[in-house]
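Based on the provided sequences and hints, a complete structural model is requested.
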Amino acid sequence: MSNELERLERLEHLAEALKDGFLGTDVIKAKSFVLTRPDGRVGAEFSCEEGQVTLQQRDEQGTTRLALGVSSSGMPQILLTDTEGNVRLSVQLGPKNTPAIQLMDRQGQMRLNIMVAADDTPAITLFDSGGAPRAMFMVDEQGKPVISSRDA
Amino acid sequence: MSTDTSQRLDALEAAFAALSKDSLFDIGAMLLEVVDDNGTSRAQLSGTGLLLFDEDGKPALIAGANNGAAHMTLSNDEPRLVIESSVNDCPRIQLMGARGIPRLDAAVDPRGSPSLGVLDASGRGQAALLVNPRGDGRIFINEGGK
Chain A
1 MSNELERLER LEHLAEALKD GFLGTDVIKA KSFVLTRPDG RVGAEFSCEE GQVTLQQRDE
61 QGTTRLALGV SSSGMPQILL TDTEGNVRLS VQLGPKNTPA IQLMDRQGQM RLNIMVAADD
121 TPAITLFDSG GAPRAMFMVD EQGKPVISSR DA
Chain B
153 MSTDTSQRLD ALEAAFAALS KDSLFDIGAM LLEVVDDNGT SRAQLSGTGL LLFDEDGKPA
213 LIAGANNGAA HMTLSNDEPR LVIESSVNDC PRIQLMGARG IPRLDAAVDP RGSPSLGVLD
273 ASGRGQAALL VNPRGDGRIF INEGGK
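Sequence order for the protein chains is A and B. So the first sequence is numbered by this note's numbering: it starts at 1 and just counts up by one. So the second sequence is numbered by this note's numbering: it starts at 153 and just counts up by one.
Hints in this document: simulated from the structure, not taken from any laboratory. The reader is advised that the hints may include incorrect statements.
[What the hints assert, rightly or not] Examples of chain B residues lying across from chain A (beta carbon under 10 Å, computed):
id, residue
1, E207
2, L281
3, I291
None of the values given here were measured: they were computed from a predicted structure. Virtual Cβ for every residue (Gly too), placed ideally from N, Cα, C.
Structure follows, in structure tokens:
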């Protein structure tokens with residue numbers, strides 16, 4: 001019986017410690033939170049490493065398919081990745097606070113760029129498979145709308 | 153086994169049953185907070201949304217959902233890129249220049265027509281690319297207010 005009591009007391013101490021740490025608290029702080037699937041594989045990770053905070057979600061194969069983050073320089077970014085692990089869509093603020101949406105092909109080449117440049121001019125640019133800009137839709141610094149296309 | 157011991161065991165079973173729930177929120181937490189090596193909050197995940205902060209503690213990415221609509225904002229002192237699904241089910245993306253003035257506006261209206269507008273520094277539409285409700289593709293250029 002005394003053995004049972006000792007075991008009970010140990011459990012009670014453990015439960016109390018866990019209660020202080022989790023139960024009833026409003027905030028749980030950590031450098032990393034990892035969500036696992038029922039089989040134990042990582043499904044998502046919410047972490048801060050080397051000044052960069054990210055929320056990453058992985059598919060059934062373990063490939064990161066969605067990442068939201070803020071870089072160490074403070075720039076926010078959202079990345080969508082294909083099944084091969086290639087980034088295909090990026091939504092971000094650039095180094096000069098320039099908002100941009102970029103769509104990439106399967107080779108990782110940017111094919112469509114939608115952005116507001118550092119001088120606040122909005123532009124949509126389409127690129128060929130070699131990365132050369134071939135068509136543009138924009139409003140220039142004087143407020144003049146421009147549609148242009150280039151040959152190869 | 154005494155009544156006292158039985159009650160203590162019952163209490164323990166209840167406490168550990170709570171801990172075995174599938175998510176942290178089920179055990180009472182309302183906020184998950186990610187901190188950097190200095191202990192500074194860099195991210196918060198709650199029942200209403202996600203907040204990511206830059207190193208100065210300013211919100212850089214805000215995402216959430218309420219009233220049946222989702223939204224996401226990328227900011228640097230002021231909102232520069234906004235993605236939202238409105239309550240009317242009209243998805244929209246806006247890219248802003250200085251002072252938060254939209255310069256690019258992509259949307260699908262309630263009738264399902266997609267449009268892409270390019271605006272000048274005062275927020276006036278200067279060019280647009282769209283498909284109207286009849287399915288006709290159109291490009292509009294605004295030159296001198298016409």
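* **Restraint outcome when I291 (chain B) is required to lie within 10 Å of chain A by C-beta distance** => I291 (chain B) check passes; min Cβ-Cβ to chain A is 7 Å, inside 10 Å.
* To do: Against chain A, run the beta carbon of E207 (chain B) and see if the smallest gap drops under 10 Å.
  => Since the shortest Cβ distance to chain A is 6 Å, the answer is holds.
* Asked: Against chain A, is L281 (chain B) within 10 Å by beta-carbon distance?
  -> Result: holds, 7 Å to nearest chain A Cβ.
Hint compliance for this structure: no hint is broken.
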